[in-house]
Each structure stands twice: as C-alpha cells, then as structure tokens.
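With chain U's structure known, arrange chain P on it following the hints.
Chains as they are written, first to last, in this note's numbering: chain U, 1 to 469; chain P, 1 to 196.
Don't read these hints as lab results, they were simulated from the structure. There could be a bad hint or two in this list.
Keeping only pairs whose Cα atoms sit at most 25 Å apart, straight-line, the calculated DMTMM-like set for lysine to aspartate or glutamate is [unchecked claim]:
id, chain 1, residue 1, chain 2, residue 2
1, U, 123, P, 174
2, U, 23, P, 6
3, U, 165, P, 15
4, P, 120, U, 25
5, P, 184, U, 25
6, U, 165, P, 123
7, U, 49, P, 182
8, U, 49, P, 34
9, U, 21, P, 187
10, P, 184, U, 13
11, P, 191, U, 25
12, U, 21, P, 173
13, U, 21, P, 182
14, U, 23, P, 146
15, P, 5, U, 22
16, P, 134, U, 315
17, P, 167, U, 44
18, U, 49, P, 6
19, P, 96, P, 57
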Amino acid sequence: MGKGKTVIEKIWETHVVHSQKEKPDLIYIDQHLVHEVTSPQAFEGLRLKDRRVRRPDLTYATMDHNVPTRNREVIKDEVSKTQMETLRRNCEEFGITLADMHHPDQGIVHVIGPQLGLTQPGKTIVCGDSHTSTHGAFGALAFGIGTSEVEHVLATQTLMQSRPKTMNVKVNGNLPAGVTAKDLILAIISKFGVKFGTGHVIEYTGEAIRNLSMEGRMTVCNMSIEGGARAGLISPDETTVEFLRGREYVPKGEAFDRKAAEWLELASDEDAEYDMTLEIDAEEVEPQVSWGTNPSMVVPISGMTPSVDSVDNKDEVSRALQYMGLEENQPITSIEVDHVFIGSCTNSRLPDLVNAANIVKGHKVKDGVRAIVVPGSFSVKLQAEELGIDEIFKDAGFEWRESGCSMCLAMNDDVVPAGGRCASTSNRNFEGRQGSGSRTHLVSPEMAAVAAIEGSFTDVRKFQAGVPS
Amino acid sequence: MEAIKEHTGKVFPLDRSNVDTDQIIPKQFLKRVERTGFGQFVFHNWRFDDDGNPKPDFELDSPRYNDASILIAGENFGCGSSREHAPWALLDFGFKVIIAPSFADIFYNNAFKNGIILIKADEGQIAEWMEQAKDGTFHLHVDLEDQTISDDGKRLPFDIPSYHKEKLLNGWDDIALTLLLDDKIREYEEKQAARA
Chain U
1 MGKGKTVIEK IWETHVVHSQ KEKPDLIYID QHLVHEVTSP QAFEGLRLKD
51 RRVRRPDLTY ATMDHNVPTR NREVIKDEVS KTQMETLRRN CEEFGITLAD
101 MHHPDQGIVH VIGPQLGLTQ PGKTIVCGDS HTSTHGAFGA LAFGIGTSEV
151 EHVLATQTLM QSRPKTMNVK VNGNLPAGVT AKDLILAIIS KFGVKFGTGH
201 VIEYTGEAIR NLSMEGRMTV CNMSIEGGAR AGLISPDETT VEFLRGREYV
251 PKGEAFDRKA AEWLELASDE DAEYDMTLEI DAEEVEPQVS WGTNPSMVVP
301 ISGMTPSVDS VDNKDEVSRA LQYMGLEENQ PITSIEVDHV FIGSCTNSRL
351 PDLVNAANIV KGHKVKDGVR AIVVPGSFSV KLQAEELGID EIFKDAGFEW
401 RESGCSMCLA MNDDVVPAGG RCASTSNRNF EGRQGSGSRT HLVSPEMAAV
451 AAIEGSFTDV RKFQAGVPS
Chain P
1 MEAIKEHTGK VFPLDRSNVD TDQIIPKQFL KRVERTGFGQ FVFHNWRFDD
51 DGNPKPDFEL DSPRYNDASI LIAGENFGCG SSREHAPWAL LDFGFKVIIA
101 PSFADIFYNN AFKNGIILIK ADEGQIAEWM EQAKDGTFHL HVDLEDQTIS
151 DDGKRLPFDI PSYHKEKLLN GWDDIALTLL LDDKIREYEE KQAARA
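In isolation and in its complexed conformation, chain U is listed as follows:
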C-alpha cells in the first residue's frame, strides 16, 4: 500500500543524483546564491585546483553583508571594500551574474531571490548563509551551507547530504489581530527551544500558516535555523503561485500555468507521515519580545524575565540576564531602548515596512532613541518611496537607508554601541551580534515601531487602541 509523501520527500527524491549505501546522497542544486562574506575562500579554492564553475547560469551573486546603507560611495573599512571587490573579480572571472551595490536588483540575498523569481517551489536552493531557509516559504528545499560546501556546489552543482528527518510544525487556528508571523516564529522557538529542529527539515502546516502572506511565510521559514532545523518550508499553494506570477525569472504565459500546476502537485499529501509532529495554538500567541541572548529566550509582551530559581539552565539564564543588564522577574514593558532597527532578511520586505509605517504615522521617535529603517532591497526601497512610506518614517525621526544586512549583524557602519539596547526586527540576539557589548531584543516590525515612539516595549494592540502606557 503506497503512502503519501511530504513536500520534503518529493523534492529530495527528484534531486538525488547518486545514492550509495551508508553514504549521504549526492543531490543536485538548482539554485546557488552567493554573497561576499562566505564565498572568497571558495573561489580561491577553485583557482588553486584549476577548477571551473560548473553552472554559472544556476548561480547568482549579490553584495549585502558589508554594504554601506548611508552613502554607497563611502566604505570606510578597507577590508570590507576588499571583500566586495573580491566578489566582483570572482564573478567576472567565473562568469556569474552579480547584482552589485549599485545594481537595481541589489538587496539582501534572501529578499532578492524571491523578488526576482529565482526562488521557486520544488527547487533545491543553497547559499553560504544560514538564513537560506527563508526560501522554503515557497516550497523549496533551501538551506545554509559552509564555505567548503559553497566551493563544492560551484565546482559540481551538487552536494553530499544525508537525508533529513521530517518534522511537521502544525499551527492550529488563526493568529489574533495585531499578532504577526514574527511573533509566531518567536513563540515556536520559545516553546520548543533552540535545537528542537536539529537533523530535521520542518514543514509548517495549519490554518494560520495557510493564511499568511508570502512575506509572512518567509519570516517564519527564515528563523527555522534558530530552532536548529536544517531547513523550514511550506507546501506551495495559490498564494505562492500568485506571488511568483510575472516575476523576472519565472516562465511567462502558458508555460507559467504549466509550471504552476506542477508546483501545486508538490504540496504534501494528506496522508503523508512525518518523523515528528509538534503543535502550537495560534490563538494563544501574543506579541513577543526576546529578553536574553538566544532566540528561545523570548516571552510575550505581557510577561517578565525569568527567575533563575525557576529554570533548569541556571548558569545560562543568569549569564544572559547579566549580559542584557536585566533583573529577574522584570516586566518586559519596563525595558527602555535607545536603538530601533527595522530591517534584515527576516523583516525588511514591503509589507513589513508598510505595517510599521502605519503605526508610526503621526507620531515621533522618542528623544534619545536612534531609529533606522533599512529596506531589504533596492526595489523594496523604491516601492516604499512610491507609497510615501519613507516620508512617514522620516517625519517621525527615523533614518531611511539604502538596502543591506546592516544592523542585523553590524558588519558595516550600522553598529549598536556597547551597552546600547536595541529593539530589532532581525533574527539573532546573540551576545555582541549588533556590535560588541550591544543588547538585542527581537520583535516584529510593528512592535519595533511602537518601541521607537514610546522608548520602551509596549503592546502594539494597546498602543493602537490608545491605551496609555
């Protein structure tokens, strides 16, 4: 009796090039995305062995981690400049398309892939970047790899990978009004921890997931790695198809319809079985704020920091509280911020900016708070400007920047100073992530916008209802 298959199994099985007993499968890679930080040593490796790039046509490069967001012409850091220049030379030498800092298609690699339609259901997609799981929102099997693997894909267009275990994260019901995809994924990691996904590819299912926009789905899949998963994805549906229709790299006309029909076939079968299933109720999710130094150290806005006595990992929690400059049992609403960052591959797409701007409209950034908005791509920035979003942010006192990874990891000039406290729409609150000694609180764009106005964490739903904080 044949049983149904998950989207994960369907993609895997059609990409196995070669299988050997007791060895990982050799799988084919349909799309390789490249950026400046994790690729130079891979290209150098090719040169040393006199190897070529097997499929430059399946490889696409951009610059995002190091790029300046204030003035593209001023790169103060010589080493950053060298890294970007190295990517330009490598792409020229090996014949790879590059959206450089001044190119209209430039942006964060996980924003431009979907935007250009390079990201498609059923594809295997890799990039030397752990947030490659973002592309899973389209029903692609997308995962981050190291530089040795980048070199392996450049040289062979394949990877040796052990077959992943499958996990169903089922989100029952619908998210309440004012609660976002970001709150959902933070709640999932808070509930199940930073390593619940190890060895697995997660498929997110359930009503709440089906009702998310593609941008919301990308936010959820983006943070799969923060739960330790190898990848996270969502079965393709009509929402997926409509997002991709008309994009630059997808087929046009009838060919698109044929492709779309194939994509819909990839969705997990009703009777598919998973190695593991976890469930969460969407109705119970509130706006979330991280308090600690890993992405599972998260509580609802109505909550407080933990007491060390009440947890098993006492050393870890007390070290995190100390690093963050917080007390035990401290209400989240009592935490004041001096930085706000709206951006990153998690939350820098047009709806993210529109939703934050709707909160900001008619308000001012609190004195003493430095707030910046960094669109995910040049194209997102242009679209936002056409809608007048930039003016709303600027009128309120936000800085409106050029696209890039920016303050998510502070490899360029956008740094939170030591002791600074940032409400950030990014994905990692690790020690020093946004600058040495910086303190990061992960939130949704809406919650970040409110934090900029109030100077402290406030429930966006109360803020919108006019409840005094």
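Same frame as chain U, but now just chain P:
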C-alpha cells in the same frame, strides 16, 4: 585537508551550552578573504574586553591551557550562523578535537570538512571530564580508527558517521571524490533538460 588517525591532547573545558558561531568568531573578523589567520580571534568577545585586555574569568589564555587541543563544551555547540570561519578559527587556534553532547548541523558538516574530529558524548561523561580538566593538566587520547576515546582510567567507544571517518583518515578532498561521479551528474542534467 590533512589526514588524521589519532590525537592526544590537553583538554580545555568550556562549560557553556548553545555556544553560537557568533561567539566562536565574531562578525568583525569575517572580512578576510583567506582561510587562515582566524585563530587569534577565536572566542574574542569572551577573551578580551573592548580595549583588548584579556578577561580574567575566561581561561583560554591562561598559561596552563596554552597547549590545549581538545575542546569540551555543552550541548548544541556551533549553533547559529553557517560561517565556516568558526571551524577555521578553532583549528587555527590549535583545536583538533571537539567533544560535546550535541552539535548544530551546519557546524557539524563544516568542522569535518576541515579535519576537526567531532565527538558526541553523553552529558554525564562530559560533566566528569569537564571537572577533571579544571586544573589544566587533563589529557584525552582519541583513536579514530578504533573509534575510542580514553583518559588515564577508561577507554570508551564513540560513534562517527563512517563517511566522515573515512575522509578524515585519508584526508580526502570532497570535491575530487564528487568529480569522479561526473558522468552521473551529466546524466542527471540531461534528464532534467529533456523534461523541461
């Protein structure tokens, strides 16, 4: 990659869980375009304050550990960013073996590709070794061929995927191995092209 069959070395205990690759090698050091020279920056923000002075509570630079080559750590070691700079930094600093209850997936692959032996051991055993390693004289011996790890008293078996073991023992280059399958890759590509 250099072949490695066995290793004996001093143990440095890092009694922390969920050590992420941002801690192993902070982002300000990711800008080099070479694979070498990252060792001096390993665990930088835990080792040094903002003025570059050593922090006394982090003992990696204490003289009794200066020849340590085996790292013991808590669960989920190497989580977070996929940066291969993390294993490059650990290896360049002198670590040849890392022992933990569990490792994050991407780090696990990255480390093996650079010839670092990763060993998963149970938490109780790790706690015991962690304690013994506190005085800076504790050594372990790892025999990859036998898949055993031994201290003065006992010899314990460990699991390692056979393909990782084989590559470590032989110092094989992954890409060279895959290129031997070039006809399979070409066959796959032709089949795909015919389908489209």
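### Message
Between the alpha carbons of residue 165(U) and residue 15(P), is the straight-line distance 25 Å or under?
### Response
29 Å, violated
### Query
Are the Cα atoms of residue 21(U) and residue 182(P) separated by 25 Å or less?
Between residue 21(U) and residue 182(P) the Cα gap is close to 19 Å, so the pair holds against 25 Å.
### Message
So if I understand the rule, the pair passes when the alpha-carbon distance is 25 Å or less; does residue 123(U) with residue 174(P) pass?
### Response
23 Å, holds
### Message
For residue 49(U) and residue 182(P), compute the direct alpha-carbon distance and say whether it is at most 25 Å.
### Response
Answer holds: residue 49(U) to residue 182(P) is near 16 Å, not above 25 Å.
### Hinted pair residue 49(U) and residue 34(P), Cα distance within 25 Å
16 Å, holds
#### Entry: 25 Å Cα cutoff - pair residue 134(P), residue 315(U)
Distance ~17 Å between residue 134(P) and residue 315(U) Cα, so the pair holds.
### Message
Tell me if the straight-line CA distance from residue 49(U) to residue 6(P) falls inside 25 Å.
### Response
It is violated: about 28 Å lies between the C-alpha atoms, which goes past 25 Å.
### Query
Taken at face value, is the distance from the CA of residue 13(U) to the CA of residue 184(P) at most 25 Å?
Judged against 25 Å, a Cα distance of about 15 Å means the pair holds.
### Task
Given the hint that residue 23(U) pairs with residue 146(P), test it: the Cα-Cα distance must not exceed 25 Å.
The hint holds at about 20 Å.
### Restraint status (C-alpha distance of residue 21(U) to residue 187(P) at most 25 Å)
20 Å, holds
### Straight-line alpha-carbon gap residue 184(P) to residue 25(U), limit 25 Å
Cα-Cα ~12 Å, so holds.
### Message
With the threshold set at 25 Å, check whether the alpha-carbon distance from residue 191(P) to residue 25(U) stays at or below it.
### Response
With Cα atoms ~18 Å apart, residue 191(P) and residue 25(U) stay inside 25 Å; holds.
When each numbered hint is compared with the structure, violations occur for hints 3, 18.
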